[in-house]
Each structure stands twice: as structure tokens, then as C-alpha cells.
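Place chain P on chain C using the hints.
Single-letter residue listing:
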Amino acid sequence: MNVHPNEDALNAYAEGSLTAADAAAIEQHVASCVSCRQFVDEVREILRATADLGLQDPPARAWTRIERAIQLEQADKARADGARADGARADGARAFQASEGEIASGHDHGPAKAGRYRLWLPWLAAAAALVLATVVGLRYAPGRSQTGAPTSQAPDGSAQVSAGDAAQSVEYELRQAEAHYENAIKGLEQIANAEQNALDPRTAATLQKNLAVIDQAISESRAAVRSQPASEPAQQSLIENFKTKIALLQDTVALINEMRKGNEAGAARIVSGLKQKGN
Amino acid sequence: MDLVARCRAGEVEAFETLYREHAARLYTLACRMAGSREDGEDLLQEIFLQAYRKLGSFKGDSSIGTWLYRLALNHCLDYVRSRRAKMNKLTETLDADASFEPTARRETPIARMDLERAVERLPEGCREAFVLHDVEGFDHKEVADLLGIAEGTSKSQVFKARMKLRGLLGRR
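Chains C and P, in that order, are what the protein sequence lines are.
If you're matching positions, the first sequence starts at 12 in the working numbering and goes up one per residue.
If you're matching positions, the second sequence starts at 891 in the working numbering and goes up one per residue.
Take these hints with a grain of salt, some might be off.
Under the rule of at most 27 Å between Cα atoms (straight-line distance), these lysine-lysine pairs were calculated in the DSS-like manner [claimed, not checked]:
| hint | chain 1 | residue 1 | chain 2 | residue 2 |
| --- | --- | --- | --- | --- |
| 1 | C | K220 | C | K197 |
| 2 | P | K1031 | P | K1045 |
| 3 | C | K254 | C | K197 |
| 4 | C | K88 | P | K949 |
| 5 | P | K944 | C | K88 |
Reference listing, derived: stretches of chain P covered by chain C, where coverage requires no fewer than 3 residues with Cβ under 8 Å from a Cβ of chain C [claimed, not checked]:
| hint | region |
| --- | --- |
| 6 | 905-918 |
| 7 | 1002-1014 |
| 8 | 1051-1057 |
Label pairs and their calculated CB-CB ranges [as the list claims (entries may be wrong)]:
| hint | chain 1 | residue 1 | chain 2 | residue 2 | range |
| --- | --- | --- | --- | --- | --- |
| 9 | P | V1025 | C | L83 | 30 to 40 Å |
| 10 | C | E18 | P | R1011 | 11 to 21 Å |
| 11 | C | D19 | P | S952 | 30 to 40 Å |
| 12 | P | L893 | C | Q39 | 48 to 58 Å |
| 13 | P | G955 | C | A215 | 35 to 45 Å |
| 14 | P | R1002 | C | D19 | 26 to 36 Å |
Simulated from the structure, these hints should not be mistaken for laboratory data.
For every residue, glycine included, the Cβ atom is placed at its ideal position computed from N, Cα and C.
In isolation and in its complexed conformation, chain C is listed as follows (with noise of 0.2 Å):
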């Protein structure tokens, strides 16, 4: 073979899917071309680094996250279980009772089945995970128009905005999406500040040097984006400070959390996140 293969034939070779007459053809050929040997060394090389790729540990706060949210639904589900078993009790056609901190209940509920679990939601995990729902889903994007803003129409029905509908769509967008940012972080800020007596001092100066590092980071990207306000870096680099605050407002939160549970291994975790963040 003196005409060099494409390069979907040496990507098949390199991975071995080829039938052994075909990879022979393309071998003999290899053996004697230095530039497609150096392409299939390559993907080789590629393909050998890709089998090695190992697992990544989800960060600690995950755990807490997940942990809220299963709560919160109980705490639903055990609402609706109460609405309907007044309900019930008011008909006369059932007898309830709940005792402090408990709910006994003879029904099989599914995952949460009343009777075992106690209502130990803290107010302080129930608050966070309020906070935490309105950021999960948030995912600003510049240049792109999510506003449901009305736009115009063409002839064949595909909308037509123009350059200046679009900046002004841009800039609509990074508005809500700060404000949307600024609020979660006020709700966990209330949180973590009405909470830090449970943090240690040296952890707790690390949060505030970490906060103020990026609370400067974040004033400085406003000044960029108001001299710059079609900028999409400048706008990302806002976006991706506010998300940086709310990350490390959130460890906090589950710091505080895995501390009220006297977690330490899960504490110790969080806290080794967050030197490794502040250095």
C-alpha cells in the first residue's frame, strides 16, 4: 500500500477493530511511513492514557446536598401523610397519633416509611437546601437569548432579533442572573454568619480570608463588566466568581452541618477542601 491510509483506517487500526487483512495491508504500509506510524503511535498513546483514567471523589459538600434534599422530601411526604390522616380522623375512619418528634403510623409509606424516621430536619439544613434549589439549574450562557423577552417575526415564522435586541437580551440576562446569584448567596450568607460559632476560629478566619478573596474578585469583575459590558470573558469571569462564592458558602453550610453532627472524618474532609482552596 504506497497511498497513505485515511485517517479513519489508521484510528480502526490503532484501536485493532480492523479484519486481519485489511490491518495487515495497513501495517505493511506503517512499517515503511514514518508520518502514519507517528499518527497511529499517537492514538495508541491516547487510547493506553484513556484506559488509565481513574475514578474522581465528588466533593464533600454532594453528600450534603443529596442528604437536604432526601429530607425535605420526608418532611413533604410526611405533611401530606398528616393532611391526610386529619383527613381521616376527622371521618372517624382511622385513628392517628403522633408523638413528639415522631410520627407513628401503621401504613407502609414507601422509602420513607413514617414510622421509622424521626422529623430531625434542623431548620438550618432545611433553609439551606431552599437557598441551594435556586441556584441548582442556573446555568447563565452569554450570547445566547433564554429571556422569553418577545421577539419579532419573520415571514417563514423563525424569529428575528436584531444586533441591539440581542445586546440588550445579553445584558437583561446577566442582570437576573446576578441577582439570582446575589440572592442565594445573601440566604446562605444568613446562614453560615448566624452559625459561626460552631466553627473553630482558624477555620473560621480561613472562611472569611477565602470570602474576601473572592469578594474582590467579584468587584473587580463588575468593574470590568461595567467598562465592558459586551464582554463575554468579563461577564463569564462575574459569573464564575459568584459561583465560586456560593460553592465555598455551601461548604460552609455543610461544615457547619457535619460539625452539629459531630462528623469529624466528614468535617476534616470539607476543611481539607477548603485549605487547599485558600492556598
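Same frame as chain C, now just chain P:
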């Protein structure tokens, strides 16, 4: 009582054990499919909440790990499809993206972190096919079924991803 039964009974501690056993694998899958750790973390939360709600439908025909993996994979695929539909971003348009300029040629071995970052930067479409085929080990027929594309498209997307990675990792 075994772990699954305790989870079904609403024991949060048992569910945490289940999470600790499987979170890394599912988080890694979610990050690679989504192309970002932030989205991967959101997906992980959604996957485990869904698992919590659906544990009642787990019949024990496969291991709980296999059940969780399928649930996670389906959730990631839903996310990828919905994001693609929302963004209306085709791989072809991203191919022209100047941000995928190859870096200077390097001779050092490929570091894991560099490869992870490069995979995150792959264009949508070829990243998912690459992750499913080269990382997760599905064959092209399975990848095609999972992504709702032709088998030939799966092959070309995986090859395209490797070519992009060569450039991103300074291999050409």
C-alpha cells in the same frame, strides 16, 4: 436486613453508605458526559435523588451497582439530549471553534489531569461518543443505540474526538 432493604425502609444512613460506595464512579461518568464538574455535581445529586425515589422498583435482577449505573447513564443521556436541543449547538458548528487550536507539540507522557481537562473541552457530540466508547467500553453499536445515532456516526465521532485530543494534548 441488607443495605437495599434498609434504604427502601427510609434509613438515610444506609442510603449514605450506598452513596459512598458508588458516588465516585457515577460522579466521574456525569462529569465526563456533561463536560464540567459543576454540571457533574448537579447531575450526581439528581441521580441519587432519582435512585432514592425509584429504589422500590429495584427487583434485584442485577446488582445494585449495575442498576445505579444504568440509571445514571440514562439520566446523563437525557441531560445531554435536552442540553443539545436547548442550545441547538451542532458538532459541526463547534468544529470551527477557534478555541480548539492545537497546543505546541509535547513529548512528555500524557498526564491524567491534562487528559481529563482535554476531554471536558471536546465538542458536544463527539465527547459523549468518546466517553461511552473509549472510556466506558461500550461498542459502537451500543453507543449508537444509547445516543440515537447511526453506528457509522458513532465511529466517526469517536475518531474525531481522538483527533481533537491529539491537538489539545500537543500530540501533533
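Hint numbers the structure violates, sorted upward?
none
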